[in-house]
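Asker: Below are the chains, spelled out letter by letter.
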Amino acid sequence: MGLVADIASRTSYQPAMFPGLPFGLTNLFGGAIGVAGATSASRALTDTPPRFDAGDLYYSTGPSSADIKQDSLGDCFFVATLGAIADQQPQTIRDAISYDADTGSFNVTLYDGGKPVTINVTQQELEYNLSRGGGSLVDNKTTDIGIWPAVMETAYAKMNDSNPADGLKQGFDVINGGGKARDAMEVVTGDRGTDITYDKGFFEDKNDAIDRLAKQAQAALGVGRPLTLSTDPESRSLLERIKGDDGTQDGLVDNHVYVVESVENVDGEWQVTLRNPWGTNNGVSEGYDAQPASITVPLERLVDTGGLEYFNAGAL
Amino acid sequence: MVLASLLGLLGCGDDPAARLPTPGTELADPPAAARAGIEQAVARWSKGRFTPGEPRWFRLADGAPPVAAMKSVDNALAGKATRITETGPDGTDATMQGWKLARESGGHNGIVVAVSKSDPTIGALIPVKLAQGWPD
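Sequences listed follow chains V and Y, in order.
Everything in the first sequence is counted per the working numbering, starting at 745 for the first residue and increasing by one.
Everything in the second sequence is counted per the working numbering, starting at 9 for the first residue and increasing by one.
Keep in mind the hints are simulated off the structure, nothing from the lab.
The model shown is predicted, which means the values in this text are computed figures rather than measured ones.
Be aware that a few hints might be false.
Incomplete in silico selection of chain Y near chain V, CB under 7 Å [said to hold, decoys possible]:
#	residue
1	Q48
2	A72
3	V75
Reference excerpt, derived from the structure (chain V facing chain Y, CB under 10 Å, subset only) [unchecked claim]:
#	residue
4	K813
5	Y872
6	R876
7	Q914
8	G922
9	G1023
10	Q1035
The C-beta atom is built at its ideal place from N, Cα and C for all residues, glycine as well.
Turn these sequences into a full structure, and let the hints steer you where they fit.
Answerer: Take a look at the structure:
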C-alpha cells in the first residue's frame, strides 16, 4: 500500500472495512455503503488505511542487509545481526513478523532469555522509530524499501521499555546504549550462536591460527549460518600511547558490528568482506573511508592490530 | 603533545573536551538553519540538566550517518567518560547524546554531541557543566 499518508498525528487506527481493496476503493466503499448509522463523517475520517501493512515489509526479493541503514541509534549489534540473518536465513525474518489487518499493527516474535515472546508494534510506534532515525531505509528514501528492519528494531525497543504505554523513548534509549552481537542473535533467533575467535596456540604459527580462524568463519557462511564480526579498538603500544599515536589502524569502526558477506583466500591471503550497517564506510576516519557499504579487509590486519573481537555465527 | 599525552596517561591535566577531535571537518560558520535547530534543541534539553559551553561545529563526511559522530566521540573518550543513557528530547531538530567525564576540567564535566535532523551532515560538539543530580 505504501507511503500514501502521513499518520504521525493520528492516535488511533480503525480497521479498514475492506482491507484487501486498494486504498482509494476502500475509502469509497466506506463512505458509500452507509450501513445503519455505521458510516458517519467521523468514521470516514478515522477509517484510513495504515501507512504500513504486509505489502510494505519487504522490497523485491525479500529481506536483506541492503534494507538496513543505521542512522542515529547506537544499536549496531542489533541491526548488523538482523542484516546477517536476513542475508543467510531470510525465512527467519519472515517467520518473526506477521501483520494483523484487523488492528493495522505488526506482531513480532523475539526471544527473551531463550523463550519466545510476541510483541505488538503499532503504526504510531513505527512512526516514532522513523523520527528517531532508526535502522531502516524508510526514513532515508521513499521508494524501493522494506519496513521490516524498523518493525524488528521497534519490537526490540519495546521489549526493553519498562512502560511502553508512555511511549518508547526509554526502550530506544536502552538499545541506543549498545550491546553484544551474540545477545542480539539470541533475541532474534532464540540461540546465541557460536563465537569464533582468534586463538593462537603457544606453539602455533600465526598464519596457521589465522587459517584456522578463517576456515571456521568461511564454513559457517558456507552452510548458511548468519555471521557477524565485532570489532575492538586497535591495541597501542606504551610508546604509541606516550607519543599520542593512534597506532596502526585497521579501517573498521571500533566497537562496532558488521555483517560478514564473505571470507575468501585470495592469493594466499585471507580477506573478509564486511557490510557496515551505516550503509557506507565514510566517516570511519581510519584511512580507508569509501562510499560503498562493503569493505574488504585482510584478516591478518585485524589480528595484528587487535581490532578483531569475535565472529558470531548463528545456528542453522 | 608528548608531555600532554604522558600527563594524560598518568591521569593528570587531561582535558578531553578541549582535545577531542571533532567528527568530520570542523566548521567555523555552520549553516544558519542547522545551527538554529541545534541551538534550540540543546537549550530545551539542557534545562535542569546541564549548562552548555561554547560549541565546536562540524560537518560529517559525505554520507556518514549521525551515529558516526556519536561513535567517534565514544571512541575518543574511551576510559575517560561514561555515556549518558538518556538521549535528547523528542520533537526537536537534533539527535543528541551526552557523556559524563571522569574528571572535571576547564569548568566542564560533560560533553554533548548534537546532529541536526533537518541537515544531518551538520553537528556540534559542546562541553557542558552537568547539573547536580543529573544524570543519576
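Asker: Quick check: which numbered hints come out false for this structure?
Answerer: Checked against the structure, the only hint that fails is number 1, while the rest are satisfied.
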